[in-house]
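Protein chains in written order, with the numbering used here: chain A, 1 to 481; chain B, 1 to 126.
Calculated from the structure, these hints are not laboratory results. Worth double-checking, as some hints may not be accurate.
Straight-line alpha carbon distances no greater than 30 Å define the calculated DSS-like cross-link-like pairs of lysine-lysine that follow [claimed, not checked]:
| hint | chain 1 | residue 1 | chain 2 | residue 2 |
| --- | --- | --- | --- | --- |
| 1 | A | Lys418 | A | Lys357 |
| 2 | A | Lys339 | B | Lys28 |
| 3 | B | Lys91 | A | Lys245 |
| 4 | A | Lys339 | B | Lys91 |
| 5 | A | Lys245 | A | Lys357 |
| 6 | B | Lys60 | B | Lys94 |
| 7 | B | Lys8 | B | Lys56 |
| 8 | A | Lys159 | A | Lys131 |
| 9 | B | Lys8 | B | Lys67 |
| 10 | A | Lys339 | B | Lys67 |
| 11 | B | Lys60 | B | Lys106 |
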Amino acid sequence: MKLALSFLFLSTTAFGADIAIFSSNLSRIAAATTPEARDLAINQILNRSQDIVTAALAPSQAKIVAQYRMLRSDSQTGASSDSSGSTSLVLNPYLADILGFSFESGSVLKTVSGNTINLQIKPAGIFCAVKNEDGSDAALGTGCLDFWKRVGITASFDKSRSNAPSQLIALQDDFSQLRFHIDLMQPSVKRAKEEVTRLMAAQAEPASRVALLFATNSALIQWNAEARAMLVEAAAGPTEAAREKALEDAWRTALDRFSALLQIDPGLRAASPPLATFANLNVETNLRTIVLEKLERTSLAFEASWDRPDVAKADVTNGIIRKGLRPPDLGTARLIYSKNYQPLVITANAEASWFNKTFPGMKGNFRNWHISAAATFLLREVPNFGRTTLSFGGLIGDLHQQPLGFDYTVPLVSDPTKTQKIDLSGWIRAFNTRLEFPTANKSITIPISFTYANRTDLNKETEVRGSIGLTLRFDSFFPAK
Amino acid sequence: MINTGFRKYDIESNDFPITITASTDADKLPDLAPVAFLFQDVSSGAVTSQEETFQKGGAKEAKLTIKKPEMTCNIVFAIQVRFPASNPTDKPLKLEFLSNDNQKAKDEIPPENIPIVFGNYVMHSR
Chain A
1 MKLALSFLFL
11 STTAFGADIA
21 IFSSNLSRIA
31 AATTPEARDL
41 AINQILNRSQ
51 DIVTAALAPS
61 QAKIVAQYRM
71 LRSDSQTGAS
81 SDSSGSTSLV
91 LNPYLADILG
101 FSFESGSVLK
111 TVSGNTINLQ
121 IKPAGIFCAV
131 KNEDGSDAAL
141 GTGCLDFWKR
151 VGITASFDKS
161 RSNAPSQLIA
171 LQDDFSQLRF
181 HIDLMQPSVK
191 RAKEEVTRLM
201 AAQAEPASRV
211 ALLFATNSAL
221 IQWNAEARAM
231 LVEAAAGPTE
241 AAREKALEDA
251 WRTALDRFSA
261 LLQIDPGLRA
271 ASPPLATFAN
281 LNVETNLRTI
291 VLEKLERTSL
301 AFEASWDRPD
311 VAKADVTNGI
321 IRKGLRPPDL
331 GTARLIYSKN
341 YQPLVITANA
351 EASWFNKTFP
361 GMKGNFRNWH
371 ISAAATFLLR
381 EVPNFGRTTL
391 SFGGLIGDLH
401 QQPLGFDYTV
411 PLVSDPTKTQ
421 KIDLSGWIRA
431 FNTRLEFPTA
441 NKSITIPISF
451 TYANRTDLNK
461 ETEVRGSIGL
471 TLRFDSFFPA
481 K
Chain B
1 MINTGFRKYD
11 IESNDFPITI
21 TASTDADKLP
31 DLAPVAFLFQ
41 DVSSGAVTSQ
51 EETFQKGGAK
61 EAKLTIKKPE
71 MTCNIVFAIQ
81 VRFPASNPTD
91 KPLKLEFLSN
101 DNQKAKDEIP
111 PENIPIVFGN
121 YVMHSR
C-alpha cells in the first residue's frame, strides 16, 4: 500500500471535492474486465461512507500539512559542527520542505568561533509550492516531484570569519560550505502506537453511526443510487484511460452533490455537525497513523559537502598559514542515520573528509574521520508551539594529519631563529547538550547548546563552549490554499 | 443468514451467535479496531450500541462474535481496519461470517490508498 500524505489532502470546500483518497477504487472500476468485477468495485467505493463524509467535510490540505510539519522532530536547519557557528554536534536526516534559514553563534568544534548563516533549499519543494501557489504541495506525498523532494542543498556562510580576531589565522571569505543532501532510504514501517489504537477505538461508534445513516436516510439512499448510475455510465468508456478519466469526473460530481445534500436536506443538515466531528476525527486518525509511520522508522541520508577553508589575508604572528596561501578545499562524505522511538529519537553520523589536493609533507589526501551519536528526547507538546527537544550527543574522531594541510611551525622560545613543528593531528572527543525551543508550530526554533571537547580543530586544549541560534523554516510562510 | 446484497444480509434469531473471522494472506493481520454494533429495534426504531473487540487467534487471524440481541433488531456496524504500509495491495482482509446454524458468507476489505479503511455492514432482521 502506497502511503502518501496526499490521500488525506481533502478539500474543505463543499464543492470541488478532492477524490485522491478514492483513486485506487476508481482504478479498480476502470480496470475491471467483467461486469461482476466492475460492480464489486462500484459497491466498494459506495460502501466507503466514512471516507465520503470525510471528503466532504475534512479540513484543508494546508491545515493537515501544518500539523504534520509540527509533529516532525527530525529536521535539520542549522549548520554542521565544523562551522564557526553551530549548535549541532550531530546532524538530523531531514531538511525543511521548502526553505530553511538559520543564524547560529558560537562554534562546536571549530577553534575560530563566530557566526554562521545557513541557507537550505529543496528545489523540488520550491517548484511544487510555486507551481500550484500552495506551500503545502511541498510536503512529501502530495504527488508533485516526490522523488526529487529527497534532494536538498545547503550553503553556509561564516559571517564573522572575514574579521576574525584569531591569533592563528585571519580570514577573508564568508562562504564556507556547500552541502548536497539526499534521503537514501524510505524505511520499513513499524506498528502504530497506542495513540492510533485509541483514536481508532474512539471513532468506532461514530463510524457505525455513519453507516447507519447511509443505510437508513432516504436522501442518502437516493444519492447512492444516482452515484451508482453515474459510475456505471462512466465505466463504459472505450479505453481504461478514458474510463478512469470519466470515473474521476463522475465521482467528483457525485461527491459535490453529496456535499450539497448535507447543506440542503433538512434531515442531513441536523446530522451535519456530528458528521463533521467524525470527519475531523477520521482525518486525525489517518494523519497520526501516517505521521507515526513516517516518524517511527529508520532513516538514512547521505551528504556530500564541499568546504572552503579559511584563508589568511595578512601574516599573523604564529599564524598557521602565510598571507595569500590557500589551504586545500575539503570534500566530506557523511552518512546520517536516525531511528525514532517516540518520544526518543536516536541519531548517528559517520563522516570522513579528504583534501582535494596535497602539498609536500602531507600524508595523502585523507584528513579525518569521526562518528557521533545523539539521543533526542521529545518533551511536552505545547499547542501552537510544538515540542521542545533535549539532546545529548557525543563525538569521537581522529585528525589523521594537520587540519589545514600545512605544517604548523612556531619559533622556539629559547632560540627564536629556530622553529619547532606543532603536531595538530590526533584524537578528538566531544560531548554536547542541546535544547531546542519551538514556536509558531515549529516554524521558528531557538536552539541552545553546550559543548565540552578535548580539543578543537586547530587547538589541542580542552574547550567548554556555549552556542545559540535561531532557525526558521519558511515552509509555513508560503501561501497555502 | 442470507446474503441480499453487497455487505447486506438477512438474519433470523437462530443465526446467533454470528462469528466473524478476519484473516489475511499477508505476513501480518492488519490492526482491527473495536466494532460498535448498532442494534435498531425493528418495532420502535430505537438504536442501542454495543462494542465488541476482535480476539486474536494467532498472527493472521482474529475472531469476533455478535451475540443474540434481546429484541428483534437490525444490526449496522463498521469494521475499521488499519492496513500497515507494508501490506501488499493484493492482500485484502478476508472476512467470514458464520452463523450458529452453519451458514457462511464471505467478504473482503481491500487496502486503499489511506491507512484506515472501513467496511460497512447491514444485517436486516427477518
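Hint by hint, here is what the structure shows:
Restraint check for A:Lys418 and A:Lys357: the C-alpha separation of about 29 Å stays at or below 30 Å, so the hint holds. With a CA separation close to 22 Å, the supplied pair A:Lys339 and B:Lys28 stays within the 30 Å bound. Under the criterion of a C-alpha separation no larger than 30 Å, the hint pairing B:Lys91 with A:Lys245 is consistent with the structure, at around 26 Å. With a C-alpha separation of about 28 Å, the suggested pair A:Lys339 and B:Lys91 falls inside the 30 Å cut-off, and the hint holds.
With a C-alpha separation of about 58 Å, the suggested pairing of A:Lys245 with A:Lys357 is violated against the 30 Å cut-off. Distance restraint check for B:Lys60 and B:Lys94: the Cα-Cα separation of roughly 10 Å lies within the 30 Å cut-off, and the hinted pair is therefore satisfied. Among the hinted pairs, B:Lys8 with B:Lys56 is consistent with the structure: their alpha-carbon atoms are about 25 Å apart, no more than 30 Å. Proximity of A:Lys159 to A:Lys131 is assessed by CA-CA distance (about 33 Å); at most 30 Å being required, the pair is judged violated.
At most 30 Å may separate the alpha-carbon atoms for a hinted pair to count; B:Lys8 and B:Lys67 meet this at roughly 18 Å. This hinted pair does not check out: A:Lys339 and B:Lys67 have alpha carbons roughly 44 Å apart, beyond 30 Å. Simply put, B:Lys60 and B:Lys106 have alpha-carbon atoms about 17 Å apart, close enough for the 30 Å limit, and the pair holds.
Violated hints, listed in ascending order, are 5, 8 and 10; each of the other numbered hints is respected by the structure.
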